[in-house]
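**Q** Take any residue in the sequence shown, note its place counting from 1, add 867, and you have its number in the working numbering.
Honestly, the hints are just simulated from the structure, not real lab data. Any given hint could be a false lead.
[What the hints assert, rightly or not] Taking lysine to aspartate or glutamate and the EDC-like style, the derived pairs with C-alpha atoms no more than 16 Å apart in a straight line are:
| hint | residue 1 | residue 2 |
| --- | --- | --- |
| 1 | Lys1291 | Asp1269 |
| 2 | Lys1595 | Asp1642 |
| 3 | Lys1324 | Asp1229 |
| 4 | Lys1020 | Asp1106 |
| 5 | Lys1132 | Asp997 |
| 6 | Lys1595 | Glu1526 |
| 7 | Lys1641 | Asp1612 |
| 8 | Lys1226 | Glu1215 |
| 9 | Lys1079 | Asp1051 |
| 10 | Lys984 | Glu1047 |
| 11 | Lys928 | Asp981 |
| 12 | Lys1181 | Glu1264 |
| 13 | Lys1132 | Asp1054 |
| 14 | Lys1439 | Glu1636 |
| 15 | Lys1641 | Glu1607 |
| 16 | Lys984 | Asp1051 |
| 17 | Lys1546 | Glu1561 |
| 18 | Lys1530 | Glu1607 |
| 19 | Lys1127 | Asp969 |
| 20 | Lys1551 | Glu1607 |
| 21 | Lys1265 | Glu1292 |
| 22 | Lys1132 | Asp1073 |
| 23 | Lys1214 | Asp1106 |
| 24 | Lys1324 | Glu1645 |
| 25 | Lys1186 | Glu1240 |
| 26 | Lys1181 | Asp1269 |
| 27 | Lys1265 | Asp1245 |
| 28 | Lys1127 | Asp1054 |
| 29 | Lys1469 | Glu1413 |
| 30 | Lys1095 | Asp1018 |
| 31 | Lys1439 | Asp1251 |
| 32 | Lys1265 | Asp1243 |
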Amino acid sequence: MAQASKITEELRNADWETFYQLSPMREGLLNWYPFRAESGILEISSGYGGLTGVLLRQNAKITVLESSKHRAGCITERYGSADNLTVRVGTPDTLSQSEKYDYIVVEGALNTADEVKELLSRLCPFLAPDGRLLFVCNNRLGMKYWCGVPDVKSGIPFIGIREADRAGRVTRRELMDLLEENQDIIDWQIYYPFPDERLPQAIYTDQYLPKKSIRDRVISYYPEEEQKSLFCLEDEISDALIANEVLPVFANAFLVECSKSQFVKDVSFAAVSTDRGWRHGFATIITGHGTVLKKILHPEGRAALEQIYRNQQKLRQRKIQCVDYSLLGDAIEMPYISGLTMIDYLKELFQRDKGQVEKLFDLLYQDILASSESVDFDSCALCDAELNRENAGVILEKAYIDMIPYNCFYQQGKIIFYDQEFVKEGYPAKYVLFRALRYTYVYVKEADQIIPLDYFKEKYALTQIWNVFEREEARFIEDNRNYDQYASFYRWADVKAKEPEVDNAVRPVQGNSKYGFRKKSYDIELYKRDYKLNAVKAVQIRLLREFARVCEENDLMYCACYGTLLGAVRHKGYVPWDDDLDLMMPRRDYDRLVAIAGDVFKNPFFLQTAENDEGCFYGGYGKLRDGSTAGIESRNEGHACHQGIWIDILPLDDVLADEEERKVQASRIQYYQMLLLKKTYPEKRRFWNMPPEEEEFYARASQMFSRDELCRELHDTLTCYGTDISDKVAILSRYSGEREPIVYDRKDFEFVVWGTFEGVRIPLPVGYENCLKKDYGEDYLLYPGPEERRPHHVAIFDTKKSYIDYLP
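Throw the hints in and build the complete structure from the sequences for me.
**A** The following block contains the structure:
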């Protein structure tokens, strides 16, 4: 376990080579394979023991032959406690002719016909008469190469798939011919690891190929060097290859099992979940003799295996139809059921029978409700402020949350369940139904166009609590999928196809900043290990606590807004890649705060406004800063203003009822903002949407007024409420150029409700859902694409030094 912890630490934010050599995901190539117990295994190594661990767990005697003394030493250190391991430095030529092995496993992938021929001639002599040789060969027609991944040998995109440049590399047909032609090989089988042989998640054979899709089982990934020339993703073409029955031809790699004698083909298919850790990692194996095995990948998984078995028995006691199970030593065995899983059946039904889709979900919900006794809402273990006795519905004593279309069949009018692993005690039955609908609509991409998901939300009274369940599901997935350990993998999986030669590296911002301001794109998981960003957030939370104290002591109203509101609702804290904190106050409370700020905020805290600090300007709102730190934005470089790390304090103003008055007000607000911007930053371009000569006009005009005059005029214009005000409010003080401010309904701010932000109790507007929809659209709970996950501010941050140390 200590060794596992050390490897887990190494994998956090690992580069590709480190991840490839150390990740347990590599074991997916063989951890499903039925090695005979007490056999002798020879591993021809070409790395640091990435496959050795799975071989050691086979109750076999393992000999590792490694040509590098350094790598051999690393393998010995990695698995030094294993008493069934021998590590030798050498090549097959150093083996004794008398040595015979039940299995020979070759770690490195082959690429050419000559390599295959040489391997067979060198290793077959060391196979026992009924022994098996296992090796991998790359496919020059692999679909990742058609998508733009560079050729494995040359590093040049597309060159390997060209006939003129093939350089002896093999296809499936050519590999089969090589096996047929070899005099020593009597029998063989080809497996197709997906997405490839490096980090396999599903293993297919010609006896069992996917019927519709592999997207529910396989996550394609592309390390940084492979992304630069990526034209499309494998997910975008795999369904078409399956439909045309040519998926094996375009598999990225082949795993070959061959022997000098006839052998039984024990495995037709295997799906592995090595990313779920030792306690929940399983291989689901379809055998060659009509059964299915659910096999643990590590001894630590025995408890979870027994839990699945017990869950299945308890469901059967509740008259829920389940697949028959038998509990073996390290696996559950069940009969193989031909036909479509319910999720694939639903995919067909959406196209031809919408009424039957609805009936199927009704039937599923009936089974969910019947799966357990119900308990009172007081026993509900799912705690959320939005969940209450009225909207929660039936609370199940035991909620079997895997009762979803992925884990059942539909046959002869009945749903038959399998793989019921996870149980939540005291959870709403609606949460299980939510999971069933959510993952159906993820898998069946066209479903929402046929039957809008909102229809089912309304039908099953899920609309009010859907977001509650989304938050709970996000927590469950993060715990279950080891996102922390596998952050690198999920970063490589979360990419979009690009044009070739696109430079995706970190780039300096245009200009000649002496501080070297930079922006970078953030992965959803990497922020957890961005210690600098987390240190900045810690200062901002300190500012939030101080601000909350002052508001409470002085009876001032405020609430979260913008990204802070989104973070509080979706993440219970920061949006992972965010680097600021936004609060809004009704105008009357904001102006009161400004008036008393000098008395209530003590050093190092400082409420910065346009009126009290002439070295910077942000449109007319304030910033609460910590003077013991530095948060220097590029706009303020060289300016002797307060530049501690900050949080934004924005006044919420009324919107005028008369349209003409609104237009006049907006024009005047923008006019005074531009004058103040040019007065504050005369040396910088600020208005890129106007010609330089026009901007120069504002620069000259700004010199005709004192700063106090411009600040007073701006404030009066922001708070000029004309002849009548509407039922709308807006933040008018943010400089937004020609863009109109987002307008909210006044009723959404009539009072606040309480939420949580990084462990701090924070007020939210009562209509926060409406606010978020206006700010981020209807799908505000969904994460944006990777290219949008980045901090907002071009700045340098220092939590150890004061900004004063950076001033000229």
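**Q** None of the hints should be skipped; say for each whether it holds.
**A** Status of each hint after checking the structure:
Taken as a hint, the Lys1291 and Asp1269 pair is honoured in the structure, with Cα atoms around 10 Å apart against an allowance of 16 Å. In summary, the hint linking Lys1595 to Asp1642 is supported, as the alpha carbons are separated by about 15 Å, within the 16 Å threshold. Between Lys1324 and Asp1229 the CA atoms are separated by roughly 13 Å; this keeps the pair inside 16 Å, and the hint holds. A C-alpha spacing of about 28 Å is found between Lys1020 and Asp1106, which places the hinted pair above 16 Å, so the restraint is violated.
Pair hint Lys1132 plus Asp997 holds up; C-alpha atoms about 13 Å apart against a cutoff of 16 Å. At most 16 Å may separate the alpha-carbon atoms for a hinted pair to count; Lys1595 and Glu1526 meet this at roughly 13 Å. Pair hint Lys1641 plus Asp1612 holds up; C-alpha atoms about 10 Å apart against a cutoff of 16 Å. For the hint linking Lys1226 to Glu1215, the alpha-carbon distance of about 14 Å falls within 16 Å, and the restraint holds.
Under the criterion of a C-alpha separation no larger than 16 Å, the hint pairing Lys1079 with Asp1051 is inconsistent with the structure, at around 38 Å. This hinted pair checks out: Lys984 and Glu1047 have alpha carbons roughly 12 Å apart, not beyond 16 Å. Simply put, Lys928 and Asp981 have alpha-carbon atoms about 31 Å apart, too far for the 16 Å limit, and the pair is violated. Proposed proximity of Lys1181 and Glu1264 is supported: the alpha carbons are some 13 Å apart, at most 16 Å.
Simply put, Lys1132 and Asp1054 have alpha-carbon atoms about 10 Å apart, close enough for the 16 Å limit, and the pair holds. Proximity of Lys1439 to Glu1636 is assessed by CA-CA distance (about 15 Å); at most 16 Å being required, the pair is judged to hold. At roughly 13 Å between alpha-carbon atoms, Lys1641 and Glu1607 fall within 16 Å of each other, so this suggested pair holds. Between Lys984 and Asp1051, the direct Cα distance comes to roughly 11 Å. Compliance with the 16 Å bound is thereby established for this hinted pair.
Between the alpha carbons of Lys1546 and Glu1561 the distance comes to roughly 15 Å, so the proposed pair stays at or under 16 Å and holds. For the proposed pair Lys1530 and Glu1607, the alpha carbon gap of about 10 Å is at most 16 Å, so the pair holds. Annotation: proposed proximity of Lys1127 to Asp969 holds, straight-line Cα distance about 11 Å (limit 16 Å). Pair hint Lys1551 plus Glu1607 does not hold up; C-alpha atoms about 24 Å apart against a cutoff of 16 Å.
The suggested pairing of Lys1265 with Glu1292 holds, with an alpha-carbon distance near 5 Å, which does not exceed 16 Å. Between Lys1132 and Asp1073 the CA atoms are separated by roughly 11 Å; this keeps the pair inside 16 Å, and the hint holds. Simply put, Lys1214 and Asp1106 have alpha-carbon atoms about 13 Å apart, close enough for the 16 Å limit, and the pair holds. Using a Cα cut-off of 16 Å, the hinted pair Lys1324 and Glu1645 holds, with the two alpha carbons roughly 15 Å apart.
Straight-line distance between C-alpha atoms of Lys1186 and Glu1240 comes to about 13 Å, which keeps the hinted pair within the 16 Å bound. For the given pair, Lys1181 sits about 14 Å from Asp1269 by alpha-carbon distance, which is consistent with the 16 Å threshold. The suggested pairing of Lys1265 with Asp1245 holds, with an alpha-carbon distance near 15 Å, which does not exceed 16 Å. At roughly 7 Å between alpha-carbon atoms, Lys1127 and Asp1054 fall within 16 Å of each other, so this suggested pair holds.
At most 16 Å may separate the alpha-carbon atoms for a hinted pair to count; Lys1469 and Glu1413 meet this at roughly 10 Å. Taking the CA atoms of Lys1095 and Asp1018, the gap is about 13 Å. The hint holds against a cut of 16 Å. Taking the CA atoms of Lys1439 and Asp1251, the gap is near 11 Å; set against the 16 Å cutoff, the hint holds. Among the hinted pairs, Lys1265 with Asp1243 is consistent with the structure: their alpha-carbon atoms are about 13 Å apart, no more than 16 Å.
Taken one by one, the earlier hints fail for this structure at numbers 4, 9, 11 and 20, listed in ascending order.
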